[in-house]
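Here's the letter readout for the chains.
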Amino acid sequence: MSKVTYASDKGGYQAHVLVKSAAIYVVLIVLTLICLVPIWILVVNATRMHNDIIGGVSLIPGAHLFDNMKTLRENSLYNNFFAPLTGMRNSLIIAGLCCALTVFFSGMTAYGLVVYDFKLKGPAFVFILAVMMVPTQVTAVGFMRLLIQLNLLDSYLPLIIPSIAAPAIVFFMRQYMLSSFPLDIIEAARIDGSNEFRTFVTISIPMMKPAFAVQAIFAFIQKWNDYYNQSLVLVSGKKTQLTMPMMVQKVISIDRNADYGANYTAIFLSIIPVIVIYLILSKFIIGGVAAGGVKE
Amino acid sequence: MATAAQRRIKSVSYAKYGYIFILPFFIVYCIFSLWPLIQTFVLAFSENGTRTPAIIGLDNFKTILATPAEGDFKALGIHESFWDGIKNTAIIWVGNFVPQIALSLLLAVWFTDLRVKMPGKGFFKVVMYMPNIITAASVAGLFLSLFGDSQYSVINIMFREGEEPWKIITSCWGSRILVMFIQVWMWFGNTMIMLMSGIQGINESLFEAAEIDGANSRQTFWRITFPLLKTIMVYTLLTSMIGGLQMFDIPYMLHTGNVVNDYIKTVAVFVYEMFHGNFAKPSFGYSGAASVILFIITSILGALVFYVQRDKDAIEKKRKQKEAIKEWKRKQKGGGFSI
Chain G
5 MSKVTYASDK
15 GGYQAHVLVK
25 SAAIYVVLIV
35 LTLICLVPIW
45 ILVVNATRMH
55 NDIIGGVSLI
65 PGAHLFDNMK
75 TLRENSLYNN
85 FFAPLTGMRN
95 SLIIAGLCCA
105 LTVFFSGMTA
115 YGLVVYDFKL
125 KGPAFVFILA
135 VMMVPTQVTA
145 VGFMRLLIQL
155 NLLDSYLPLI
165 IPSIAAPAIV
175 FFMRQYMLSS
185 FPLDIIEAAR
195 IDGSNEFRTF
205 VTISIPMMKP
215 AFAVQAIFAF
225 IQKWNDYYNQ
235 SLVLVSGKKT
245 QLTMPMMVQK
255 VISIDRNADY
265 GANYTAIFLS
275 IIPVIVIYLI
285 LSKFIIGGVA
295 AGGVKE
Chain A
50 MATAAQRRIK
60 SVSYAKYGYI
70 FILPFFIVYC
80 IFSLWPLIQT
90 FVLAFSENGT
100 RTPAIIGLDN
110 FKTILATPAE
120 GDFKALGIHE
130 SFWDGIKNTA
140 IIWVGNFVPQ
150 IALSLLLAVW
160 FTDLRVKMPG
170 KGFFKVVMYM
180 PNIITAASVA
190 GLFLSLFGDS
200 QYSVINIMFR
210 EGEEPWKIIT
220 SCWGSRILVM
230 FIQVWMWFGN
240 TMIMLMSGIQ
250 GINESLFEAA
260 EIDGANSRQT
270 FWRITFPLLK
280 TIMVYTLLTS
290 MIGGLQMFDI
300 PYMLHTGNVV
310 NDYIKTVAVF
320 VYEMFHGNFA
330 KPSFGYSGAA
340 SVILFIITSI
350 LGALVFYVQR
360 DKDAIEKKRK
370 QKEAIKEWKR
380 KQKGGGFSI
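As you go down the protein sequences, you meet chains G and A in turn.
Numbering-wise (my numbering), the first sequence opens with residue 5 and increments by one.
Numbering-wise (my numbering), the second sequence opens with residue 50 and increments by one.
Calculated from the structure, these hints are not laboratory results.
The model shown is predicted, which means the values in this text are computed figures rather than measured ones.
You may find that some hints are simply not true.
Facing chain A, a subset of chain G residues (Cβ under 7 Å, in silico) [said to hold, decoys possible]:
id, residue
1, S257
2, I275
3, P277
Don't be surprised by glycine CBs; every beta carbon is placed ideally from N, CA and C.
Extracted from the complex, chain G is given alone in its bound form:
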C-alpha cells in the first residue's frame, strides 16, 4: 500500500518538476531576448548607412560598417573628439592598473583584518564599514579642490592611485575570508618557515582565487565604465587623453546633422572591446563564483 502511494507521488513530483522547468525556460528566454535585442539592433544598424536606418528597422545586418567608420574618421563632427584606438588604450591603462591595485590591496587589507589580532583591529574595521557608506559623489567637491591645489587635473594619477583604497571590496573580501578561509593553514605555513607576506601572496591569494577573480572583474568593469571620475579629472578634454566613455558621451550628445550610421558605429566600437574581454572572462566569473572557495 505504502509503496503504491510512493510511486504515484514520484510521478506527480516528476510532472511538477517538468512543468516548473518549462515555465522557467519561458521566463529565461524572454529575459534573454530583452538583454540581446537592443544589442543586436545596435550591431545591425552599425552596418547600415544613415539613409537605410532612417528608412526602416531591420534585423539583418548590412555591409557598410567600414563606410560608417570612414565617416567617423573623416567627418569633422566626429573626428574632433572620437578616436577609438586612443580611447581604448587610455581606458585600458586606467582600468587595468586600477583593477590590479584594487584587488591586491583590498585582499591585503581584508587579510590583515581577518588573520591578525591587534589593538586597532576593531576600530579599523568599524572605520571601513563607516566609510563604505560614503558615496564618491559626496567627496567629489573636495576631491576637485584637492586636485586644483595639487595641480593634478588632466593627469591619470588621481584616477589610478585612489583605487588602492576600496572599502566595499575590503568588506566583501573580509566576509568571504571569515566564512571560508581556514586559518590553520597560516599556522602551518609559519611552522614551515614562510614569512607573513609570502604566506599571503603564495598561499592565501591562490586559495581566495574565486573571490579575487570576481572582485577583479567587477573592479575592471567599474573602472572601465567610470565616466564620473574621468570627466571630473580630465577637464580639458584633449583627444589624446579622453577615455572611451567620454568619447561616446560626446558622440551621443550630437543633436544636429548626426549621421545615424556613424553614431551607431561609434557606440558599437565602444562596446566591442568590453564584450570581447567579457566573453573571455565570463568563464572566470561563472566558474569562479561556482567554485565558491573552500568546502567544509
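Assemble chain A onto chain G, guided by the hints.
Relative to chain G, chain A alone:
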C-alpha cells in the same frame, strides 16, 4: 608536548603585521577620500563662484533647504533643483531596486536549484550579465537610439511613421520609467551573480538533506536559502542604496544636446553640475552643502541597516555561546567514562 617551532610561534607577536597589511589602504584613503570629505564639509560653508572660496557660514544650507526670499530667482532655482533632485533620485531608485532584487533573487534560486535540470544555464548567465559590462555612456547612446525623441529613433520608425514622434526622453514619467528600466537591465545580472555566489556558499549538504527530508522548493528557500543569504542580501541592499544616491551616468547622459533632462536629474547630477558646469567659476558652496546633506542621509540609512544586521548577529552569538557551554558541560560529564 609542543615542538620547538610551535613554542617559538606562540611566543612571537604577529600584531605588527596586522598594521602593515592595512596601512596602504589607510594612507591612500586618508589622502584621496578622507581629506576631500573634510574639504567638502569646509566648502559647504564657503562662498560660490570662485576656485578659492572664503568661509561664509550657513548661507548655502539656507538657500538649498529653506524657501528663499521672494524675488531671489537664482536662489529659488538652486533650491528647487536640489529638491527635484532628491525626489527624482528616490523615485528612480525605488522603481529600479524593487523589481531588480525580486528578479535577481528568483533567478539566483532557479539557477542554483538542484532539482531543476537546466541545460544552457551557462549561456543564460553569460547573457544576463552582459548588459552590465557595457559602458553606461554606450548604454545611454543605445537607448537614445532606440527610444529617442527623434523621428528616426527605432521606436518612432516602427510605430510612428509619418506621425508626430513619441517624445519619451523629454517626457516626465516616460524618461523616469526608461531610466528605471535601463538600471534594471544593466544591474539584474550583477545582483543575480552576487546572490548566486551567496547561495553556492551555503553548504550543499543542507540542500541535499532538505531534499531527502521532502522539503519543497518554497520551504527550502524560506528555511535554508533565505536565512543563510542574509549577509549577502544586506550587502546587496547596502551597495544598492549607496549606488542609488550616486546614480549619475544614465540620468546625466540620456539626452541629446547639452541640457540634462529635468525629470531625471538626480542629486548626484545636481552636485556635479554645480561645481563642474561652470568650471571657471564653480559653485563649490552649493555642491558642498548638497554633498553634506547627502552624506547625512547616507549615514542614517547605513546606520539603520547595520543596526538591524548587527543586532541579529549578537543574538545569534549569544545563542551559540550558550550552546557551547552546554556542550562543554556535557563533555565534562561524559569525560569520566571515556578513560
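Comparing the hints with the structure gives:
no. : hint : result
1   : S257 : holds (6 Å)
2   : I275 : holds (5 Å)
3   : P277 : violated (10 Å)
Against the hints set out earlier in the document, a violation occurs for number 3 only.
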